[in-house]
Each structure stands twice: as C-alpha cells, then as structure tokens.
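Visitor: Residue strings, one per chain:
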Amino acid sequence: MKELSLNILDITENSVKAGAALTSILVDEEGNTLKLTIEDNGSGMSEEVLKGVTDPFYTTRTTRKVGMGLPLLKLAAEQTGGYMTVQSKTREADPEDHGTKVEALFYQDSIDFTPLGDVVSTICTLIQGHPDTDFYFRHKIRKPDKDVLVEMDTRQIREVLDGVPLNEYEVIKWIEEYLNEQYTGPHDTE
Amino acid sequence: MKSLAELQKIKARMQDKVVLREGSGDVRVVVGMATCGIAAGARPVLNEFVKDVNEENLSDKVTVSQTGCIGICQYEPVVEIFEAGKEKVTYVKMTADKAKEVVEKHLKGGQVVEQYTIGAYQS
Chain A
1 MKELSLNILD ITENSVKAGA ALTSILVDEE GNTLKLTIED NGSGMSEEVL
51 KGVTDPFYTT RTTRKVGMGL PLLKLAAEQT GGYMTVQSKT READPEDHGT
101 KVEALFYQDS IDFTPLGDVV STICTLIQGH PDTDFYFRHK IRKPDKDVLV
151 EMDTRQIREV LDGVPLNEYE VIKWIEEYLN EQYTGPHDTE
Chain B
1001 MKSLAELQKI KARMQDKVVL REGSGDVRVV VGMATCGIAA GARPVLNEFV
1051 KDVNEENLSD KVTVSQTGCI GICQYEPVVE IFEAGKEKVT YVKMTADKAK
1101 EVVEKHLKGG QVVEQYTIGA YQS
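As you go down the protein sequences, you meet chains A and B in turn. Following the numbering used here, the numbering of the first sequence begins with 1 at its first residue and continues without gaps. Following the numbering used here, the numbering of the second sequence begins with 1001 at its first residue and continues without gaps.
Quick caveat, the hints were computed from the structure, so don't treat them as lab data. Don't be surprised by glycine CBs; every beta carbon is placed ideally from N, CA and C. Just so you know, not all the hints are guaranteed correct.
Distance windows between CB atoms, simulated [unchecked claim]:
{"hint": "1", "chain 1": "B", "residue 1": "R1013", "chain 2": "A", "residue 2": "V49", "range": "41 to 51 Å"}
{"hint": "2", "chain 1": "A", "residue 1": "E159", "chain 2": "B", "residue 2": "I1072", "range": "36 to 46 Å"}
{"hint": "3", "chain 1": "A", "residue 1": "P165", "chain 2": "B", "residue 2": "F1082", "range": "19 to 29 Å"}
{"hint": "4", "chain 1": "A", "residue 1": "K2", "chain 2": "B", "residue 2": "G1068", "range": "42 to 52 Å"}
{"hint": "5", "chain 1": "B", "residue 1": "K1086", "chain 2": "A", "residue 2": "G81", "range": "31 to 41 Å"}
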C-alpha cells in the first residue's frame, strides 16, 4: 500500500463486514511515533482464526477466509521497528462486549515508514460505501511544531440528518470539508 | 468553519429530494474495494465516479457502490456497470481519468468505452 490511509480503509472494511455497528479509527502522533487503533464491536474472531490472520502462510489449509489486509499492515508497522497486535472476542464468548481491536505502532523517522496519506478520503470512502454503519474518527498530533485534533462522529451527523442517508453527495462533501478544515483551521481567522 | 447548522440546511434540502428519487437507480456502478482493489488504486476511482455522477446530475438514474474482491485481482481496479436489460460491462485497470471518461461516454453518452473493458485486455 502506498499510504497508511489505504491500510486503514482496507482494515476497516473488515470491521464493517464483521457486522460492526460502530468502528473507531484513532491515529495518535507523538514524538516520532504514530499509533493506529481500529476498534469495532463486530462479531469478533475465534482464537483459531485470530492465529491465522497475522500470517497468511501460517498453515496450508485452503479453507481460510482471511486475506492479506492484516499481514500488509503488520509488515508496514514492523518494517519501521514497530509492531501490530490484534485482540478479538467473539459474540459467543462475550455477548456484551465483543469485537476486534487492531493496534499498530509506527516509527515515523524510519526510512521505511509509509506516510499516512489522504486519511480524509479514506473516511469519506468508508461513509460512502457504508452509510448505515457508524464511524468515529480521531486524529491527534502532539508535536513541538504541531498541535492538531481532528474529530468526527457519524452518530452525531446521523442525528442532525434525521433520516437523510449519510452517503448523499452533499453530505459526503460536507464531511470532507468539515475534516479538512479541522486540519487546516478556519480560513477567516488567519 | 463547517457547522452543524449548515448540515441542517443540507438535510432540509435533501429530505425533499430523497422522496422524489424513489424507484430510480436503473444503472449500477460497482467498484471492487477489497485489499487487491484498494492497493491497486480503487479509492480515487470510486471517488471520481461519485463526484462525476453527482456533478453531471446523473444520480437519479446511476448509483455508485462498493463491493469486495471480484476475483480478477490482476486487473484491479475493476469497475462493473450493470444496466437493466443490458449485458454487464467490466472495466479493468481503471484510473480516475478513465473513470471520468467512462462517466462522460458510457453513463452520459450510452457508448461503452471498449478499450478499457476486460475484453480489450484479454484479446
């Protein structure tokens, strides 16, 4: 993947497919690290599936239902000196608190760090394709020269829209600008 | 700054429109968005279709949606166009520029852009 934001899009698609009502995408940049957390309340994975998801070559069985998404993210993290972990609980194991949490740490000063890229486009693409699913996105940058907090919650947007689908073009465009403005700041104050 | 009040206005405008639009969507544009598609560049292709279909006022008859792996990963990004009463058209190795052209010629003009279809690549 050319951008981490594409890995985010790919991994979050798994959450949606797992029936998650809500998926949180958190990006925290501090010092020279970037931590990515994707957490959903979907159906979760059994221990056996979980073992296989991070390594597509773990076994030769042909019945596998998992793909290359997580191995690619793991590689992207590890090649910077970081790591990726996956925790999951199935609905059967815990009907109250189930889902999957993927956490990946990247070192941004590594020559092999993949830039985050257009994360706003990723969020808009997710909402366009899955207007009935909720997404919470938060991007925090805490650096000496940069202090940014970008946040979006489709539950709040959904409440305002009152039945109008979230993937209406004007709504998607509003969300895109809403996020972009949080990155660049309002234009009229500078 | 974008405000929720502005979103309220969009809602008011859309609520009328949504009613008008019921029963439409004769043409479906489906973009493959699995790992293979995303890695090959499907995100800008999808976004170009969404943008052009809406800005060319085709959204009453054309819906743009996403799907998983179509099974021909080597041809990604893959876009399928379904139209009632017509054979499915499969566009392969798409880019945002090609998407723009497909909207213009195929969706607006009714002419399949043969050189981007899977048939052109296989023959």
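Visitor: Take the hints in turn and mark each one as holding or not.
Guide: Hints and how they fare:
no., hint, in the structure
1, B:R1013 / A:V49: 41 to 51 Å, "45 Å, holds"
2, A:E159 / B:I1072: 36 to 46 Å, "41 Å, holds"
3, A:P165 / B:F1082: 19 to 29 Å, "20 Å, holds"
4, A:K2 / B:G1068: 42 to 52 Å, "21 Å, violated"
5, B:K1086 / A:G81: 31 to 41 Å, "53 Å, violated"
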